[in-house]
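Asker: Chains as they are written, first to last, in my numbering: chain Y, 1 to 222; chain R, 1001 to 1222.
These aren't lab readings, by the way, just hints derived from the structure by calculation. It should be emphasised that the depicted structure is a prediction, and the values quoted were computed from it without experimental measurement. Ideal placement from N, C-alpha and C gives every residue a C-beta, glycine not left out. Incorrect hints may have been included.
With a straight-line cut-off of 20 Å between C-alpha atoms, the simulated EDC-like cross-links for lysine to aspartate or glutamate are [to be verified]:
| # | chain 1 | residue 1 | chain 2 | residue 2 |
| --- | --- | --- | --- | --- |
| 1 | Y | Lys114 | Y | Asp126 |
| 2 | Y | Lys101 | R | Glu1072 |
| 3 | R | Lys1101 | Y | Glu36 |
| 4 | R | Lys1138 | R | Glu1100 |
| 5 | R | Lys1023 | R | Glu1072 |
| 6 | Y | Lys101 | R | Glu1036 |
If you want the footprint, here are the derived chain Y segments under chain R, 3+ residues with CB under 8 Å [unchecked claim]:
| # | segment |
| --- | --- |
| 7 | 148 to 157 |
| 8 | 178 to 184 |
Partial list, derived from the structure: chain R residues whose beta carbon lies under 7 Å from chain Y [as the list claims (entries may be wrong)]:
| # | residue |
| --- | --- |
| 9 | Lys1033 |
| 10 | Tyr1070 |
| 11 | Arg1092 |
| 12 | Arg1108 |
| 13 | Leu1220 |
There are 2 protein chains.
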Amino acid sequence: MRILYHLPLSPYSRKVRLVMAEKRLPFELRAEKVWERQPAYLELNPACTVPTLVEDNGLVIADSRVICEYLEEAYPDVQLLSHAMGERVETRRLVAWFDEKFFSEVTRHLLWEKTMKQALKLGPPDANALRAGYANLKQHLIYIGWLAEHRRWLAGANLSLADFAAAAQLSALDYLGDVDWSASAAAKDWYARIKCRPAFRAVLVDKVNGIAPPPHYADLDF
Amino acid sequence: MRILYHLPLSPYSRKVRLVMAEKRLPFELRAEKVWERQPAYLELNPACTVPTLVEDNGLVIADSRVICEYLEEAYPDVQLLSHAMGERVETRRLVAWFDEKFFSEVTRHLLWEKTMKQALKLGPPDANALRAGYANLKQHLIYIGWLAEHRRWLAGANLSLADFAAAAQLSALDYLGDVDWSASAAAKDWYARIKCRPAFRAVLVDKVNGIAPPPHYADLDF
């Protein structure tokens, strides 16, 4: 069985889980505490990040963006990256946007301050970091809403890797109760649409040690 | 004429310049001071990063990794990403390694402290950041040397995007005189090989305002 090494609140792990579920590829999840730097895991992925995918044939694929490009090439039946050049460029631009810009401006602040810092006993959350994260999140929700008002899905007419890259970041923050959906009705409507997909089910029943999600987290009519 | 918005010491801009030159694609360079956040540039690339490529047909492509994937698909004659799945995965893994891990552990510290911080008048370089950058650089050179000893090029038998991703980071640091090549003879030999390629010429004659490169920077027999 295909194995995905992950962490439950890692947005990059969530992205790959969502994409594999959308492509109906079965896989087994293994949590990997990357901060322990286990030699066997470093052997698989010297960058020691999650996710890492190990295929049945032994092929090891690290880095969520590399995994998604691989899945698109190896399993093209459910297509999440258009064949049209302009749409490919726009989809990949938005994947980079959410993986890098959204993560560094929003997720990194909120997720780090509220979970990892606590778990590693590095002190209480830093108020400035949280404030920056919330302020940036509002702007990003407005941008997502703008995209969703002008297109059926974020990168164009079709559901794509861009939607899963965005939804993965937001679902991790939503688990922490950190998303004020009132910032954009269009963003909320888009998120409700993607959250209803069967691919989302496994992510919505996740439970993270010591952290309970808010009541609306798994609610499809939130 | 195809236009590439760039900054001379941006490793991501350098990567795209090298890849386009290797593919013998003519282009015009335009320096973009991204910190000025010019409205016309934000229109092209809302993330306001360099590089951004604008094709003759008007297609705008932002983010160096997105640009490289695009160039590989649009101009496949000079191939820098193998068609074999295992090699594609390894090439992309190493591109992510240099773009993310090498950048955040090495380039970010040294380039930021020694150029941008000074240009933006934010005070003298932070000694701890420089120390961390140099220490991490040594480990990365050893890893590059290990790869170069086991393979003809970094990702395998053929020159690939991985070599240009690594060379782009290193060439920016080498311009600052920050690379102690004695850390790995094999890494130095690999860099000498890629530096000799015609694609490297334009990068080696670059001059950055107020910063002179060390004498060995443009020397092919360094």
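Asker: Starting from Y/Lys114, check that the Cα of Y/Asp126 is at most 20 Å away, please.
Answerer: Holds, at about 9 Å.
Asker: Would you settle whether the hint for R/Tyr1070 is holds or violated, based on the nearest Cβ-Cβ distance to chain Y being less than 7 Å?
Answerer: holds (6 Å)
Asker: Are 3 or more residues of the segment 148 to 157 of chain Y near chain R, judged by a Cβ distance of less than 8 Å?
Answerer: violated (count 0)
Asker: Given the hint that Y/Lys101 pairs with R/Glu1036, does the C-alpha gap stay at or below 20 Å?
Answerer: holds (18 Å)
Asker: Taken at face value, is the distance from the CA of R/Glu1072 to the CA of Y/Lys101 at most 20 Å?
Answerer: violated (24 Å)
Asker: Hint check: R/Lys1138 vs R/Glu1100, CA-CA at most 20 Å. Holds or violated?
Answerer: holds (17 Å)
Asker: For the hint on R/Arg1108, just tell me whether its beta-carbon gets within less than 7 Å of chain Y.
Answerer: violated (12 Å)
Asker: Holds or violated: R/Arg1092 as interface residue toward chain Y, Cβ cutoff 7 Å?
Answerer: holds (4 Å)
Asker: Would you check the hint for R/Lys1023 and R/Glu1072, treating anything up to 20 Å between C-alpha atoms as holding?
Answerer: holds (9 Å)
Asker: Do three or more residues from the segment 178 to 184 of chain Y put their C-beta atoms closer than 8 Å to C-beta atoms of chain R?
Answerer: As far as the segment 178 to 184 of chain Y goes, the hint is violated, because 0 residues have Cβ atoms under 8 Å from chain R.
Asker: Is the Cα-Cα distance between R/Lys1101 and Y/Glu36 20 Å or less?
Answerer: holds (18 Å)
Asker: For the restraint on R/Lys1033, tell me whether the closest CB of chain Y is nearer than 7 Å.
Answerer: violated (19 Å)
Going down the numbered hints, you'll see the structure goes against 2, 7, 8, 9, 12, 13, while the others check out.
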